[in-house]
Amino acid sequence: MKNAQQQSGGRRMSTEDMFAYYQRSSSSSDVPTMLMALSAAVMKADGKVLKAELNYVKTFFNQQFGPQFSQQHLQTLKRFLDSNEIPLQRICNDIRLRMQPEVRVQLLHYMFGIANSDGDVSPSEINVIANIANMLGVSNSDFESVKNMFYRDVDSDYRVLGLEPDATDDEVKKAYRKMAIKFHPDKVSQMGEEYQKGAKEKFQKIQDSYEAIKKRRGMK
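First residue of the sequence shown? That's 371 in my numbering, and the numbers climb one at a time after it.
None of these hints come from the bench; they were simulated from the model. Be aware that one or more of the hints could be misleading.
[To be verified] Under the rule of at most 30 Å between Cα atoms (straight-line distance), these lysine-lysine pairs were calculated in the BS3-like manner:
#	residue 1	residue 2
1	K585	K544
2	K544	K584
3	K575	K548
4	K548	K428
Use the sequences and the hints to build the structure in full.
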């Protein structure tokens with residue numbers, strides 16, 4: 371198979387070329403191609419592609435797709451990494467048509483996992499994931515909830531629950547119940563093992579944040 375520069379006459383592929391390549395590579399059942407595009411966008415966000423990030427992606431895909439994950443998918447990842455522009459808007463529109471809202475939120479968990487694989491989530495990575503979340507139709511409150519599971523400050527436990535620190539005890543309890551229902555792992559039970567693992571981790575972080583707030587406030 372010719373590489374990106376050979377296919378485009380010695381120059382890097384344009385956004386149009388990349389979307390055409392994406393369309394040729396993907397199909398209604400080829401979720402890995404979609405995820406490779408998102409993965410590449412996050413990996414490129416801070417200007418350097420790290421081995422820890424690549425290993426995280428490989429591990430996820432091996433566990434999620436098993437025999438369906440092949441060297442060809444890694445070549446697809448490289449193609450996106452080497453491109454000047456990834457046609458994220460059109461790819462995200464495609465994902466919105468194919469994936470349930472709960473699964474799209476789970477994709478944020480995966481992307482933050484890539485960003486955090488080196489132990490630090492940079493502002494540039496947050497910005498890229500925020501942009502993707504918006505294009506995927508994920509609400510700002512859902513984005514902030516997942517972000518604060520990986521990028522924490524003094525108010526992160528509240529933000530995980532979609533709250534401000536001045537929320538009442540009753541509001542805290544109500545928000546926890548709402549989040550526990552919305553992000554229960556059963557919501558993605560139809561997806562693969564690695565998605566379910568991520569959903570369980572997210573659900574546990576919601577519980578941890580609630581317990582931390584209860585302890586801080588002396589709530590029963």
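Which earlier hints turn out false for this structure, listed by number in ascending order? Violated hint (a single one): 4; every other hint is consistent with the structure.
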